[in-house]
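Two independent chains are provided; combine them into the complex using the hints.
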Amino acid sequence: MTVVSTQSDQENLTFTIVAEFPAPPSRVWQVWADPRQLERWWGPPTWPATFTDHDLSVGGGAAYFMTGPEGEKAHGWWRITAVEEPTRLEFEDGFADEHGTPAADMPVTTARVDLQETDGGTRMTVQSRFPSTEAMEQMVAMGMAEGMQQAMGQIDQLLLTSV
Amino acid sequence: MVVDQLDQQSVDRVFAALADATRRDIVTRVMAGESSVSALARNYEMSFAAVQKHVAVLERARLVSKERRGREQIVRGDVGTVRAAARLLGGFEELWRARIGRIDDLLAAAPGDAR
Numbered sequence: 001m002t003v004v005s006t007q008s009d010q011e012n013l014t015f016t017i018v019a020e021f022p023a024p025p026s027r028v029w030q031v032w033a034d035p036r037q038l039e040r041w042w043g044p045p046t047w048p049a050t051f052t053d054h055d056l057s058v059g060g061g062a063a064y065f066m067t068g069p070e071g072e073k074a075h076g077w078w079r080i081t082a083v084e085e086p087t088r089l090e091f092e093d094g095f096a097d098e099h100g101t102p103a104a105d106m107p108v109t110t111a112r113v114d115l116q117e118t119d120g121g122t123r124m125t126v127q128s129r130f131p132s133t134e135a136m137e138q139m140v141a142m143g144m145a146e147g148m149q150q151a152m153g154q155i156d157q158l159l160l161t162s163v
Numbered sequence: 001m002v003v004d005q006l007d008q009q010s011v012d013r014v015f016a017a018l019a020d021a022t023r024r025d026i027v028t029r030v031m032a033g034e035s036s037v038s039a040l041a042r043n044y045e046m047s048f049a050a051v052q053k054h055v056a057v058l059e060r061a062r063l064v065s066k067e068r069r070g071r072e073q074i075v076r077g078d079v080g081t082v083r084a085a086a087r088l089l090g091g092f093e094e095l096w097r098a099r100i101g102r103i104d105d106l107l108a109a110a111p112g113d114a115r
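Keeping their order, the protein sequence lines are chains A and B.
Residue 83 in the UniProt record's numbering sits at position 83 of the first sequence, with consecutive numbering throughout.
Residue 91 in the UniProt record's numbering sits at position 91 of the second sequence, with consecutive numbering throughout.
Isolated chain B (complex conformation) (with noise of 0.2 angstroms):
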């Protein structure tokens, strides 16, 4: 698999992509397992179209990747369960290490200077 430099527009994308619920619930859907479109629209109370342009919205931002099988579009995951994980914990623990090292500028900071 080529793993690509994640650009500033893949990461725009990226974000655009899980800022919905229901994308949100696509991807920890077939992160858990591949599953079909149609299998994955009757999760949602919206059509098959809506839920196809959602996974079309996924794919784009390369999230998931869709193959046809027989009749079937098969969703999956796109870099699998490992990704996923190591994402998941990783984020989090980005995010808080962002954080103690901002409040670690805001005690340095002159005490006067902490408004």
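So here's chain A without its partners, still in its complex pose (with noise of 0.2 angstroms):
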């Protein structure tokens, strides 16, 4: 496990991840910037992603689906808004509907990533904020759909735990 701190701030409406990879920015940005890579790893194994578009430039940016076991599809989009390759990506990330439209009553998260490079390689921070509690709220129920069976393991620790 890479990871090396992760930090929700309720007050901010953000959480950060930080992690490190035995590799160079250069070699980490391809897993964003390549869409076949970004698939290996964008949705759980349970609901793999496929990107239809992807253009990482400002103004530009992605369409996704992820295919759930019974086939059925959740679609999202990202619009990206800042970019200096290999180093920085921000970007909003919401939801869609079966067009890919987007959907205007479902959260918008703003994803800040940050590729710096480190002896061993590279560490990245991703830092996601979220325009409400309401929306934080909202994304317990996606991200809990989306983490699936992962997340499921620590929520029952969670929970034998607050009880």
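Just so you know, the hints here were simulated from the structure itself, not pulled from any lab data.
C-beta: ideal position from N, C-alpha, C; glycine also.
Chain B is faced by these chain A residues, among others (derived, beta-carbon under 10 angstroms):
hint: 1; residue: Pro-22
hint: 2; residue: Asp-105
hint: 3; residue: Gly-121
hint: 4; residue: Met-124
So the derived label-pair ranges between C-beta atoms look like this:
hint: 5; chain 1: B; residue 1: Glu-67; chain 2: A; residue 2: Val-3; range: 37 to 47 angstroms
hint: 6; chain 1: B; residue 1: Gly-33; chain 2: A; residue 2: Thr-50; range: 37 to 47 angstroms
hint: 7; chain 1: A; residue 1: Arg-88; chain 2: B; residue 2: Arg-76; range: 42 to 52 angstroms
hint: 8; chain 1: A; residue 1: Thr-101; chain 2: B; residue 2: Arg-69; range: 34 to 44 angstroms
hint: 9; chain 1: A; residue 1: Ala-104; chain 2: B; residue 2: Ala-39; range: 20 to 30 angstroms
hint: 10; chain 1: A; residue 1: Glu-117; chain 2: B; residue 2: Asn-43; range: 43 to 53 angstroms
hint: 11; chain 1: A; residue 1: Thr-101; chain 2: B; residue 2: Met-46; range: 21 to 31 angstroms
hint: 12; chain 1: B; residue 1: Arg-69; chain 2: A; residue 2: Thr-81; range: 46 to 56 angstroms
hint: 13; chain 1: B; residue 1: Ser-47; chain 2: A; residue 2: Arg-88; range: 44 to 54 angstroms
hint: 14; chain 1: A; residue 1: Pro-24; chain 2: B; residue 2: Arg-76; range: 46 to 56 angstroms
hint: 15; chain 1: A; residue 1: Ala-111; chain 2: B; residue 2: Ala-108; range: 18 to 28 angstroms
hint: 16; chain 1: B; residue 1: Arg-68; chain 2: A; residue 2: Glu-11; range: 30 to 40 angstroms
hint: 17; chain 1: B; residue 1: Asp-20; chain 2: A; residue 2: Pro-48; range: 18 to 28 angstroms
hint: 18; chain 1: A; residue 1: Thr-67; chain 2: B; residue 2: Arg-62; range: 24 to 34 angstroms
So, in structure tokens, the structure goes:
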């Protein structure tokens, strides 16, 4: 496990995760910039992602869907707001309907990715910012739905410890 | 309170219950504070019966519990704010931890294997 730290800030509605990889930033950048590589990690194994559109330039964006175990599809979109290859990427990440049209009633998360060169490789920081407490709540539902099986083990633990 | 192991069937019920925007909204509201079904129903452009059905789905998924109080049916989040907060952050964190694990695997794969 290469996750160095995670931090959630309820006041500022952000969640930050820091990880280190034994590869240079130019290589780590590829897992974001190459849609075929992105597809191999964005969605969980039970909900693999397919990117139908992918343009990492400011004003550009991405369109994807994740396919569930029953063949159901969950659509999402990105809108790129900042790019500095290979060190920084900022984008809005939202849900879409079955036609890929952004869903107006769903929260939009803002993500900022920083890739910093270290001695042994790359330190990646991903900060997700939610528009409101309600949106954070809603992301639970969706985050859970995405995280599915992986999340359940941890939730079980949380439930056992919080009762 | 009894906490059961969440088996696959309960997991499916939870996700199915949360797949609907109205039900997600109901959960959010009752996590913040208990509410009668009739008070909940005033938030939506649908019949009382329809809202009651949504509540029943959430109840079966054990996301909310319902209790009759006089003439009202009171709905509340099943395990309260603690669980909601814990799950909120835990769920999102787990999602990202899993993603980073997969990036690790991808980077560890032979370069030619990265398609």
